[in-house]
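Novice: What follows is the residue order along each chain.
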Amino acid sequence: MISKLNRMRIMAITANHIFLRSIFAASLFILIFISGITYRNTVSLTESMEWVVQSYKFQTEVEQLFSLLKDAENEQRGFLIAGDSAFLENYLESRKSVVKSFAKLDSSLTGNPQQQNNLKFLNQLIDLRLQQYDLSLKYSSDLFLNQEELTANMKKGSEITNLIDIQIDKIIDLEKSNLKERQEKYEFKSFFVPWFTLFIMLFSLSVFVLAYVKINSDLEEQKRSNKKLLISTESMKHAEAIGEFFISQWDLKSNRFIFSDNLYRLLGCEPQSFEATAENFLKFVHPDDKYIVTNGSDSTRQSGLVFPRTYRIIRKDGELRYFKSMGKIITDSRGNLTHVSVAKDITQYQLNNIALEKRNQELLQSISELESFNHVASHDLQEPLRKIQTFISRISEKDNLIMDEKSKEYFARIQASVNRMRTLIDDLLLYSRTTKTDKSFERTDLNMLLENTIQELSQQIEEKNAVIHSENLPFLKVIPFQIQQLFYNLISNSLKYSKEGVAPVINVNCRKLEPRENPEILSETGRNYYKISVSDNGMGFEQDYAKKVFELFNRLHPKGDYPGTGIGLSICKKIAENHSGVILAESTPNEGATFSVFLPA
Amino acid sequence: MKFYIKYDFNAACKKILEEQLDKAGVSYTLLGSREVEIKQSISTKKMNLLCVGLGNYGIEIIESQKNILVQKIKDTIVEMVYLDETQSPLRASDYLSEKLQYSYGYLSNLFSEVTFTSIENFIILQKIERAKQLITTTEFSVSEIAWELNYSSVAHFCTQFKGVTGLTPTVFQRIIKKRRKLLNEETDNEMIVDTKNNKIKDS
Amino acid sequence: MENGPIHILLADDDEDDRLFFKDVFDELKINTVVNMVNDGEELMEYLSRNDNTLPHILFLDLNMPFKSGLECLIEIKKMNHLKDLAIAIYSTSASEKEIEETFVNGANIYIKKPSDFGTLKKILSEVITINWQYQTSGLNRDNFLMSI
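Residue numbers (this note's numbering), protein chains in the order written: chain A, 1 to 601; chain B, 1001 to 1203; chain C, 2001 to 2148.
Chain A extracted, bound-state conformation (with noise of 0.2 Å):
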């Protein structure tokens, strides 16, 4: 029973155990998928917001480049218009600035290949103009003033600005959906982002409060077991110590032992005083003992199957003690074999039925010898009271003649004496072979017992004209010749005291009786009892004197009114004793007496 509950708990606790381990696993996992797009997310983000940065850096330089060309132009033309060398100055200075500003704009290109084309192509522009703007310059320098030349150069130079004004209102335009473009990208994951990295977060948020409390249930329930087991530990041994049994754990496969803390107790040690082998426990086994303990020990180890065995136990204080164990093989669930075996203390119990069986020996003797000297008594005193009798009949038949009426008188009454001390001990006789112990219960015919009796008796039912009526009776387990004698002391007696004048009428009456209807002294015994009833139209007896009837010589008329020694009825309650049933008595005066006897089932 314990094994199993044993087993079950392994087995959900490794399945906790591998549930907590797969959820642990689930939950690594996740965090590190969870950081791993979180950062990736970030990155992108940043990348995004550096690029939309570097886009309108872009956008910024190319129109500062192109205002820059656009102040070159007008430096130029301003120098062709006033000849100021200022203007000059400013123009070349515009020019540097340009050509500065281009590189900028290379060293900050996007990557954006069609972008680059633009730039290439602005670039082809640029240096066309300032071209122009060189030629112009030439054209205007004071030497020859080409004026067709110079309206030519300046409207071509004009022309490339525009186109160049085109261009950078392309690149601009490009860059400006590019950007818008990333923007939407970026809005986009800056939109998403968040919110995936929130929904990932309650998910792994909601996983771990799940194994948080299953991990708390499993532990709230391993605290309970625990705890249990504790109360289960505690009680055993307080059981052990007020059963003084105690409790051995062999582990057949490793052979070690663990001894119960009352083992060490029931031995007279302190607990755990020595170590745990079969040798030391051996010790104190008594001497004689010692191989019921090795041979018990090693058929278990054999067949698998422990008997129970009772030997002696010398304490540490030399005191002799009896003990008796009784084991069982347990597996495991691994396949381990271990032979658990209790053992208690039965000292008492073995003292007690020492004496019980020695007091049993000689109750029996005692009974057997009574049994003797009754029997002995009985039989040896009727000898010489036979004689007695015998000669006495014989002295008075012979010589009757010579013997005066006093004489004779005083014969007469010592043979009536003696005749009644003869009865007496035939009866007692009679009893006390009721009373022996050798009761061999067979089961009978209770109605072939009731016709031997009739038989029996049939002379004085003849006599008396007597009609006996009897219901069926049961077969029962009885000792044959004393319910026959029952029946046949019970009729006798309905026979004997008979109403003057009225013919005997005897019925025997039988009913099985409900347990309910036992008669009180027998209630407790919760047995079916037979009720067999001898009921008669005689004289009849007081209520009163129910009980009286069923002692021992107890007679209810005087001494010479009816035959008998009044030993019949306690022949009869002895053997319903002897059955472990009762008889009981019914009377009213002149009408009749009705014995029950009650016979168990």
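Treat the hints as calculated values from the structure; they're not laboratory data. Among the hints, a few may not be true.
Unchecked claim - Below, a list of computed lysine-lysine pairs in the DSS-like style, where the Cα atoms sit at most 25 Å apart:
| hint | chain 1 | residue 1 | chain 2 | residue 2 |
| --- | --- | --- | --- | --- |
| 1 | B | K1006 | C | K2097 |
| 2 | C | K2077 | B | K1177 |
| 3 | A | K499 | A | K547 |
| 4 | C | K2122 | B | K1006 |
| 5 | B | K1006 | C | K2121 |
| 6 | C | K2078 | B | K1002 |
| 7 | B | K1177 | C | K2112 |
| 8 | A | K398 | C | K2078 |
| 9 | C | K2022 | A | K398 |
| 10 | C | K2097 | B | K1181 |
Starting from the known structure of chain A, fit chains B and C onto it as the hints suggest.
Specialist: Chains B and C alone, transformed into the frame defined by chain A:
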């Protein structure tokens, strides 16, 4: 193997009688089962031889007239007792005096004089004897036997049975059964012991 | 009545009972020859001697020294030449069981020793008469059982 034997006494005795008479060289006629008429006078010596011969079989020659009559009375009584209950006479006295052609009073006195018991007693004895035979040879119940023997009640039969034997019919039955069982066991043992004499072993 | 005397043998260890027995037959008008033995061994010896006329009827006490009546009974029943011997157990009170046992073992009659001389006379006379009847009237010896 066990056999149960039934005797026809009359036939057996008749045969013996004839054999013995022939052996003695006497010419005779048998008158019924109990009377023999010898046609010639017979010497005392022959008579003695005959007596001895018959005596071996338990057969007696009754000579005195009185004895003969008494024997006849006995035989008649036996006959009467063993009659079927339908044929049983109502009164034994009538039956006897009719059969033997003497007054019952005379028969009664003679019987008592010779045997020292009364006819009534003898009748009872024979009835009980038959009852015993029925008990030992049949499985009849006590009441069936009482009826067969014309008793007015089972109680009456039991009383008489007990009066004669001192035992009730049931007890008698029981004893006979036990006796048989005991004898069977003994003969079984004997038979087993006799294997050396090549007798059949009865297991 | 029987032509010759009826041979009676009594086996009883009790002196007084032997006395009573003898007195009864002295007073009875039956033609009898009464012999007595004192115990079981003497009885068997007597019965085994071939020179003695075998008794017609044996009265056997149960409680005897050296060999009990029951033992003698069983032995006698095994002896061929004693087959026709009528055996009457003559004993003090005994239980129904004991009485039955003697019958089962072959006794023909069981007599409970009475305590009145007159009764004893009557019983013995009856026994002798009945026994004679059995021996002469062709009654079945096997069924000869009587308990007094």
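Novice: Given the hinted pair K2022 (chain C) and K398 (chain A), is their Cα-Cα distance within 25 Å?
Specialist: holds, 15 Å
Novice: Assess, step by step, whether the Cα of K1006 (chain B) is no farther than 25 Å from the Cα of K2097 (chain C), and give holds or violated.
Specialist: Since the Cα atoms of K1006 (chain B) and K2097 (chain C) sit roughly 31 Å apart, the hinted pair is violated (cutoff 25 Å).
Novice: Mind checking the alpha carbons of K2078 (chain C) and K1002 (chain B) for me, to see if they're no more than 25 Å apart?
Specialist: Given that 25 Å is the threshold and the Cα spacing comes to 19 Å, the pair holds.
Novice: Check whether the Cα positions of K398 (chain A) and K2078 (chain C) lie no farther apart than 25 Å.
Specialist: violated, 43 Å
Novice: Quickly compare the C-alpha distance for K2097 (chain C) and K1181 (chain B) to 25 Å and report which way the hint goes.
Specialist: Holds, at about 17 Å.
Novice: Quick one, are K1177 (chain B) and K2112 (chain C) close enough, alpha carbons at most 25 Å?
Specialist: holds, 23 Å
Novice: Would the pair K1006 (chain B) and K2121 (chain C) pass a check requiring their Cα atoms to be no farther apart than 25 Å?
Specialist: violated, 39 Å
Novice: Tell me if the straight-line CA distance from K499 (chain A) to K547 (chain A) falls inside 25 Å.
Specialist: Judged against 25 Å, a Cα distance of about 22 Å means the pair holds.
Novice: Between K2122 (chain C) and K1006 (chain B), is the straight-line Cα distance small enough, at 25 Å or below?
Specialist: Given pair K2122 (chain C), K1006 (chain B) is violated - Cα atoms ~37 Å apart, limit 25 Å.
Novice: Are K2077 (chain C) and K1177 (chain B) close enough, with their CA atoms no more than 25 Å apart?
Specialist: holds, 17 Å
Hints 1, 4, 5, 8 from the list above are not met by this structure, while the remaining hints are.
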